[in-house]
Structures are given as C-alpha cells and as structure tokens.
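A.B. asks: Chains as they are written, first to last, in our numbering: chain V, 1 to 325; chain B, 1 to 325.
Derived from the structure by calculation, the hints contain no laboratory data. Be aware that a few hints might be false.
Since the list gives no way to pick out one identical chain from another, each pair is judged satisfied if it fits inside one copy or across any two copies.
[To be verified] In silico DMTMM-like links for lysine to aspartate or glutamate, alpha-carbon gap of 20 Å or less:
(1) K114 to D180
(2) K153 to D40
(3) K300 to D180
(4) K153 to D107
(5) K142 to D40
(6) K115 to D97
(7) K199 to E276
(8) K142 to E243
(9) K142 to E285
(10) K142 to E230
(11) K300 to D100
(12) K115 to E234
(13) K199 to D60
(14) K24 to D40
(15) K114 to D97
(16) K115 to D100
(17) K24 to D37
(18) K199 to E243
(19) K300 to E249
2 protein chains.
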Amino acid sequence: MAEFDLIRRMQDIICIPDGGGAAKCVVGIGDDGAVLDIPDGQQLVVCTDTVVGGVHFPADTAAAAIGHKALAVNLSDLAAMGADPAWFFMALTLPADNDDWLSDYADGMAGLAKKTGIMLAGGDISSGPLSICITALGLVEKGEALTRAGARKGDLVVVSGTPGSAANALRMRAAGQAPDGNDMEALEFPVPRLALGRKLRAMATSCIDISDGLLADLGHILEQSGVGAELAMENLPCPASLENAPGDERWPLQLAGGDDYELCFTIPPASAWQLEEISIACAVELTVIGNITDRGLVLKTANGEHYEPGVAGYQHFYQAGAENS
Amino acid sequence: MAEFDLIRRMQDIICIPDGGGAAKCVVGIGDDGAVLDIPDGQQLVVCTDTVVGGVHFPADTAAAAIGHKALAVNLSDLAAMGADPAWFFMALTLPADNDDWLSDYADGMAGLAKKTGIMLAGGDISSGPLSICITALGLVEKGEALTRAGARKGDLVVVSGTPGSAANALRMRAAGQAPDGNDMEALEFPVPRLALGRKLRAMATSCIDISDGLLADLGHILEQSGVGAELAMENLPCPASLENAPGDERWPLQLAGGDDYELCFTIPPASAWQLEEISIACAVELTVIGNITDRGLVLKTANGEHYEPGVAGYQHFYQAGAENS
C-alpha cells in the first residue's frame, strides 16, 4: 500500500473533522504540509513523543494498544500543559505491510482520537523497525498554559489517580504472573487527563505528567520552580492491586515506576476546597500528598521517619519520557 | 547522558533564538510541551518526515550529513508550501550513547538551522534503531501557502536545479565508483529551496518538492489539480555528471530518481518573464520543462516521439517521501 493511501486510510478510520470555529485545518493530508488557522488570542502548544517497539512496549503488544498509547502519551503532555487537543501528526515506521495489524492499530488510535477530539492532519510512513513518533498540537488561551516553573513554598502537592499501576503490571508480567486488570489498563490504555488539565489552568501553580515516575517528575517541578517538597508517604494513593503490599514493596513502584499518565501539580492551599469538585467533574481521584518547601525533597513515613527511596527515577538509558525535553 | 541534558545540549549547539517579533517561543525545551505565539494574520504550516538508518541513508553515512539531511527534508516541505521556517521538534532514536556521533550530528543540523533561521523548540530522545523524526513548523501570510491543487491548463511546468543528481550519486556508489562531488552534495547535504518557495507565493499556481522523483511528484500536482501535462525531454536540466549520458540512461534517473530536494511548480505563462530574476535572486537554476494540459502525462523527445519511462516513481515499499501524505 502506498504511503499516501495508508495515511488516507488512517484518516478515514480516525475520521475526526475540525471542531469548527477559528481553529481550522485549511490544508490537510495530501500536500507537502498541513496549513492550520490558529485563533487570535490563543497560543499553540506542541508536544512530541516517540514509542519504539521492544523499548517502550513489548514486541507482542496488541496493535490496538500500541495505537492508543502512542497517541495517549502525547495527549498526556497536552493535558499537563492545560491545552485543548487540536491536531496531530503521525510518523509511523513499520517493518512490513500487514493489513490486519494496521487496521487494529488505527482502530486503537481512532478510539482515543474520537474521545478527545484530536484530528490527524498529516503524517509520514517509513519502512524500518517499528516506531511511532507523534507530534500533537493543542491550543490554550494566551498566558494560561501550565508549566513546571510556578510552584511556591506552602503550595500543596497533588497527584491524580493511583501511581504505580503501570509499573505493577510490568512487574507481574515480568514475573510470569497475571497482572491486575486495572493495572494492565493503566499500562496499555492510559487515559490522558485532559479534562483535569483544563480545570487546573486557573488554579495550579505548576503541573507535569508523571510518565517518568512521580519522584523524577516532581523533581523537575522543584528544580524549575526553585523550591523543595515534603511528601507524606502514607497519603500516597494506592492501586487496589498493591493495597496489601508493605511500603517497602509498593513505594518504589509508586515513586519511580513510570509509565503512569497521571498529573502531579501544585496549588495554593486556599484552592484545596475545589479539589473534590474537580475530582468529581473529571472522574479522577485527586490526593494531596505533600507540600512545597524551601528546598530539598523529603519523604516522611506515618511515624515521622524519613524514607529513603533506593531509586531516583525512571530512566533506563535514554528511556523516552512523555516530556518535551 | 539523560534525555533532558541531551536535548539541552542539542539546543546549545543549534542555538537559534527566536527571530523576535510576533512569532515567539514562550516556553521551550524543558517542559511537557512548547508554547508558541503565532502572529495574527499568519497561518501555521506543519510538515513531518522521518529518516531511518539503513532505509533512507546507508548505515555508514557521516553523522553530520544525517543531521543536515533530517532537517533539510522537512525544510524542503516548508519551501514547497512557501512557508518561512520558525521552529522544529526533533525525536531522535539512537542505539547507543556516542558523544562523538552526537556532536557531529548536532553540528550538521546546527549549520542548516542557523542558515535557515529555524529554532529547536522541543524533542524527545529514545533508545532504539537509529531514526530521526522531525516536525517543522513554518509561517505564511493567511491564504498564501502554495499547494498541489492549483495548476491550470496552459500553465508552464518549471523545475529547480538538475534533477537526477542524488540518484546518480546513489547509482555510482552502488556500482563501487566514486560519485561526482556535486551529486554527493545533492544526496547528503541537500539545500532546501526556501528562498525560491517564498518568491513563488505570489506567482505559482501549484508547487511540490520532488523528493519522490519528478514524475511521481508532478503526478501529485496533476491529480490534485485535475489536469495533465506535456514535458519536453530535451529541456530537462541535466546534472554535469550526466551530460554525456544518452537519454535512456539519464532520463530514468532524472524522472524517477528521487531524493532530490528541488521544487517543481506551475506558473501562468504571463509570469514566465520573472523566472530569470528569481533564478538570480535565489541562486538556483530554473527551467521550463513543459506545460499543463487537460489530462494525461505525455513525455516528448526532441524529434516529437513519445518517451515511455519504464518506472513510475520512487517508492520502494513505504519509502518515505518528503510529503505530508
């Protein structure tokens, strides 16, 4: 199948037209480039992330999960910036022309694209080892994008969902055991927290997605905001699958596991009362796990002792995170 | 080296700040996404293209050439759209941490980025088989982007440079012979025709880059414009290295060779007088090679005979072209 036909077919399956309004894809698939109208008063947010077969997912992962996740990791970055998804560009490198694989892959991607209203506006198909590079474009009102740089002393540190799920699924599978269903869902079909990102625009002082692990990514916030944090380990929201595991077993997974597409963000204490409402509106658990301090990162157990994590973050070689850097 | 450090280092080497003015990178490398200001009245042009080691370039290609070309093929797409380069995002997948390789690669990319004024605004580093996916963002005054769809009967068909150079270099190398220096330059350090693309905005009725081969890419213009063309084979501008080759030897290379980052475009005959001036201003050869007809694509030799090319275009498997489709 020719490159042109293949991208067209992807578009037919994914089939998200423009949302209308001032943001418009004037020239789409089938030219040397796409031409896009950016509404006045809005800023463009651009995220790019690659997933490589055998590195970011096992070679035998279902095609639908690969299609979903390749897009999800980019949408998660848009969510962390508080942006509304608009268009995406997909560069797909694959070793052989396999119609069934492509169809399942496109279906997986289409499901998420439809749910989130992001339009496939261009792409590129190459022959080679399986790898998918997606560049996602989002829009945000001028000056409202969330960054990693605004956390202030006294702010609360909040995390969405139950970090550690994806890492636990990986661990169980590596041990030849059947992972918990929710954990597998977190690993293979992560839900980008777009609605939450939108709500946080007016409220959060900093935000990041924790694809590289909670500790490593919170570390980026601390570094770029020039602050520190103290976390209460007993407040760390726990996946059901790890509820009976002792701290020494579950905390490393939760702090450094990575591949969880949850958001970690900071808010002024005066905004804490809004968390419950946002949690309900976005159908996602939100938990205050600590607060911002002057400097350093301290983890405290329930009895007030310092907990020293054995692992700093989630980075095997150039492990691609979901970050722009 | 951590992903973050590596992209930062690439930025240090490439080091193109914002051009200033209304187009501005407000948040760059080091957050989940880049935040960009798009000037009012301008449209965004987005191109994406991947080059894969062993597919788009031999494994032993110099790192500087790989860095240059990965960016050049995307800039060539911006040129074909008549867009001004603004920012690019680089997803680099590489098998091992090799400082010398990275340094040369970054230098090759930096040279072209500086010449063309495009800023590295984000990226992603992964471990895996060598592959570079670049997404380039350009700007164009609203409604002025060049597309493939506007060619009209009677228009002249024009090509820049001397198509066939890159293909001839590949052929010589495959035969174990030393390629011509200009041909190697065309293959490894192609010059995106950005100045030409800018000049054509107000003049061309359609435009494409001929990375997939002149015939295949002109075919896209004809299909999307709903027209045909007649080309005069004796007018095809010839690389010096092929000047003494008979038509049957050089024409297939020139028509279907691919990997030449020249532009093919159509103009109304009344604009033909401007070609010489544009050619001088842009320091690139421009040659009228035929004209647009109602339908079909006819190639005529000097004695009026039809020439039947044995090859339709440049597409081995999913050979990635420099097109958005």
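A.B. asks: Hints the structure violates: just list their numbers, smallest first.
C.D. replies: 1, 2, 3, 4, 6, 8, 9, 10, 11, 12, 13, 15, 16 and 18
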